[in-house]
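Trainee: Okay, here's what each chain looks like letter by letter:
There are 2 protein chains.
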Amino acid sequence: MSAKAGHTIHGDCHHVGWDNAIPPVLTVAPGTTIEFECLDASGGQLTRTSTVADVGTLDFGRINPVTGPVYIDGAEPGDAVKITIGAFAPSGFGWTANIPGFGLLADQFTEPALHLWTYDRRAMGPAAYSPVGRVPLKPFAGTIGLALAEPGRHSVVPPRRVGGNLDIRDLTSGVELYLPVEVKGGLFSVGDTHAAQGDGEICGTAIESPMSVVLTLDLVKDARLAAPRYTTPGPVTRHLDAKGYEVTTGIGPDLMTAAREAVARMVDMLAARTGMAPVEAYMLCSVCGDLRISEIVDQPNWVVGFYFPRVVLE
Amino acid sequence: MSAKAGHTIHGDCHHVGWDNAIPPVLTVAPGTTIEFECLDASGGQLTRTSTVADVGTLDFGRINPVTGPVYIDGAEPGDAVKITIGAFAPSGFGWTANIPGFGLLADQFTEPALHLWTYDRRAMGPAAYSPVGRVPLKPFAGTIGLALAEPGRHSVVPPRRVGGNLDIRDLTSGVELYLPVEVKGGLFSVGDTHAAQGDGEICGTAIESPMSVVLTLDLVKDARLAAPRYTTPGPVTRHLDAKGYEVTTGIGPDLMTAAREAVARMVDMLAARTGMAPVEAYMLCSVCGDLRISEIVDQPNWVVGFYFPRVVLE
Chain E
1 MSAKAGHTIH GDCHHVGWDN AIPPVLTVAP GTTIEFECLD ASGGQLTRTS TVADVGTLDF
61 GRINPVTGPV YIDGAEPGDA VKITIGAFAP SGFGWTANIP GFGLLADQFT EPALHLWTYD
121 RRAMGPAAYS PVGRVPLKPF AGTIGLALAE PGRHSVVPPR RVGGNLDIRD LTSGVELYLP
181 VEVKGGLFSV GDTHAAQGDG EICGTAIESP MSVVLTLDLV KDARLAAPRY TTPGPVTRHL
241 DAKGYEVTTG IGPDLMTAAR EAVARMVDML AARTGMAPVE AYMLCSVCGD LRISEIVDQP
301 NWVVGFYFPR VVLE
Chain H
1 MSAKAGHTIH GDCHHVGWDN AIPPVLTVAP GTTIEFECLD ASGGQLTRTS TVADVGTLDF
61 GRINPVTGPV YIDGAEPGDA VKITIGAFAP SGFGWTANIP GFGLLADQFT EPALHLWTYD
121 RRAMGPAAYS PVGRVPLKPF AGTIGLALAE PGRHSVVPPR RVGGNLDIRD LTSGVELYLP
181 VEVKGGLFSV GDTHAAQGDG EICGTAIESP MSVVLTLDLV KDARLAAPRY TTPGPVTRHL
241 DAKGYEVTTG IGPDLMTAAR EAVARMVDML AARTGMAPVE AYMLCSVCGD LRISEIVDQP
301 NWVVGFYFPR VVLE
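Chains as they are written, first to last, in the working numbering: chain E, 1 to 314; chain H, 1 to 314.
Please note that a few of the clues may not be correct.
One copy or two, it doesn't matter: identical chains are merged, so the pair holds either way.
Each computed SDA-like pair below joins lysine to any residue, with the alpha-carbon atoms no more than 20 Å apart [said to hold, decoys possible]:
(1) 221 - 86
(2) 243 - 99
(3) 221 - 272
(4) 221 - 74
(5) 243 - 231
(6) 184 - 28
(7) 82 - 52
(8) 82 - 299
(9) 243 - 33
(10) 82 - 223
(11) 243 - 176
(12) 184 - 44
(13) 4 - 172
(14) 221 - 277
(15) 82 - 24
(16) 243 - 47
(17) 4 - 133
(18) 221 - 78
(19) 82 - 47
(20) 221 - 118
(21) 4 - 310
Simulated from the structure, these hints should not be mistaken for lab results.
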């Protein structure tokens, strides 16, 4: 149990998919601090001894387990749950995979691939992507959300207005996240912890890494929030921006196509420069490169940029 | 003339629209450094004494003049022009407008609006958006590009594979930009200088500000580049990220809709918190807030975030 948390919810108290009929594992008063043990996104199917063959046989019925749910006393539809994100206790192990059929360039990368990471879970220095580079780490929870008003079981894959699989890499320690409540008690769960990820999570996976996180759950009555919002206490890119960026662009009338083109161009450039296999460059881009919309008004063409931090290769 | 530039091209040597039949105003060897005087995006129609009435009577035939074109000796289709961006000499005056029919939330903001800026062109400290905040400045050229292979005149509004109205706020001093050449000599022009802008340029205008810029034009033979790319020598957000961000999100199956929702939610929040009129919040967002794609793989819903730098309101 963390020194700051009054409760620890263990990783075996998890569920797969969202369903407001799942009984809460804990009921707390607003303002309670809780430690959550989170499984990795494979639910333990990928380990330190896994090979690429294990990617091909993943049981998708066990993907993205989340720890919870927690019932927050007094939470009612129209309120918001305020989550203050505390410390992460990373495990030192992680994996990144290309899963066929999943990811921004799924049509180009059709074969499974797997990269296993080890990192110093105390020093949390950059993790080697041997031999080409080192990726700065910044842990966060990829899936963090509340139960939906609609009854029945809902896939955990898509994020929704109540949060869920947001995969927002800036939901790190110190951030305050607000989620709209749709059912009594809110029914909060968290999981899918990542040691690092770029904006977009372009190959579909990050540095997927089991870890614990300490969260404080509070309540804002009658917040009438339409979608998640958050406040960061400080800069969000200083762990990796010191040497600037290489940037490729996609330009055209469709943001999705432009994003795909920008990423494909970066993959090509990194593979040519470093000798990495294209799928290795693709997975590296997913854990540290950022998709940004540079221009969205100069009709009919928009500009999407893919920002690859140069420090990774230096 | 700048101390470092061997040539100055004055602002009266400009053209509106791209046409590879426009005769070059200068022919240079690769590696030449040139100072360009750039008009503002209105071509001088909006000045320090303008009122909102002048926004309604803008002559769009004079919008976005670019200074040039410059013929680079030896440039041929398949090559790239490498532009090293040097110093800007800002004018101290700028404007931001909501132009009906233009901008990400054009359906919501149907009336013209105008904000005039003055800033210290030497100290370049944050510019007051009185009385609510101060916007950090970082000058760049919104329109920077080469002539298209296709004959005839092409509107300057959309950016294209040869560059043009890219409105990439990171094309600042020290950056190396590469543009694909489609005609002999490349035919380079630049204009639409901005004192500050956020990623997206969401209301359609930035801090539009006439200024000079020193550029070095070089050539990379047989580069076979499909679209613009660039290298930044260092961080791109440290002028405004010290206090972190307020972030609103849009979540759904269409990136454009998600972007609109994220921005509309930030406009609502800023207007409620500060008492600004919504259109004032919208223009403020355009000059300093950033659109980022947080997640683009968790089918069928993507996450777009709008990042508003908290330092602006502190």
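Trainee: Look at each hint and say if it fits the structure.
Mentor: Evaluated hints:
no. : hint      : in the structure
1   : 221 - 86  : neither (22 Å within a copy, 52 Å between copies)
2   : 243 - 99  : neither (31 Å within a copy, 38 Å between copies)
3   : 221 - 272 : between (54 Å within a copy, 17 Å between copies)
4   : 221 - 74  : within (9 Å within a copy, 67 Å between copies)
5   : 243 - 231 : between (26 Å within a copy, 10 Å between copies)
6   : 184 - 28  : within (13 Å within a copy, 71 Å between copies)
7   : 82 - 52   : neither (39 Å within a copy, 41 Å between copies)
8   : 82 - 299  : neither (38 Å within a copy, 26 Å between copies)
9   : 243 - 33  : neither (37 Å within a copy, 25 Å between copies)
10  : 82 - 223  : within (10 Å within a copy, 51 Å between copies)
11  : 243 - 176 : between (29 Å within a copy, 14 Å between copies)
12  : 184 - 44  : neither (31 Å within a copy, 58 Å between copies)
13  : 4 - 172   : within (17 Å within a copy, 45 Å between copies)
14  : 221 - 277 : neither (52 Å within a copy, 26 Å between copies)
15  : 82 - 24   : within (18 Å within a copy, 59 Å between copies)
16  : 243 - 47  : neither (33 Å within a copy, 39 Å between copies)
17  : 4 - 133   : neither (36 Å within a copy, 37 Å between copies)
18  : 221 - 78  : within (7 Å within a copy, 61 Å between copies)
19  : 82 - 47   : neither (33 Å within a copy, 46 Å between copies)
20  : 221 - 118 : neither (43 Å within a copy, 42 Å between copies)
21  : 4 - 310   : neither (37 Å within a copy, 28 Å between copies)
The structure does not agree with the numbered hints 1, 2, 7, 8, 9, 12, 14, 16, 17, 19, 20, 21 stated previously, though it agrees with the rest.
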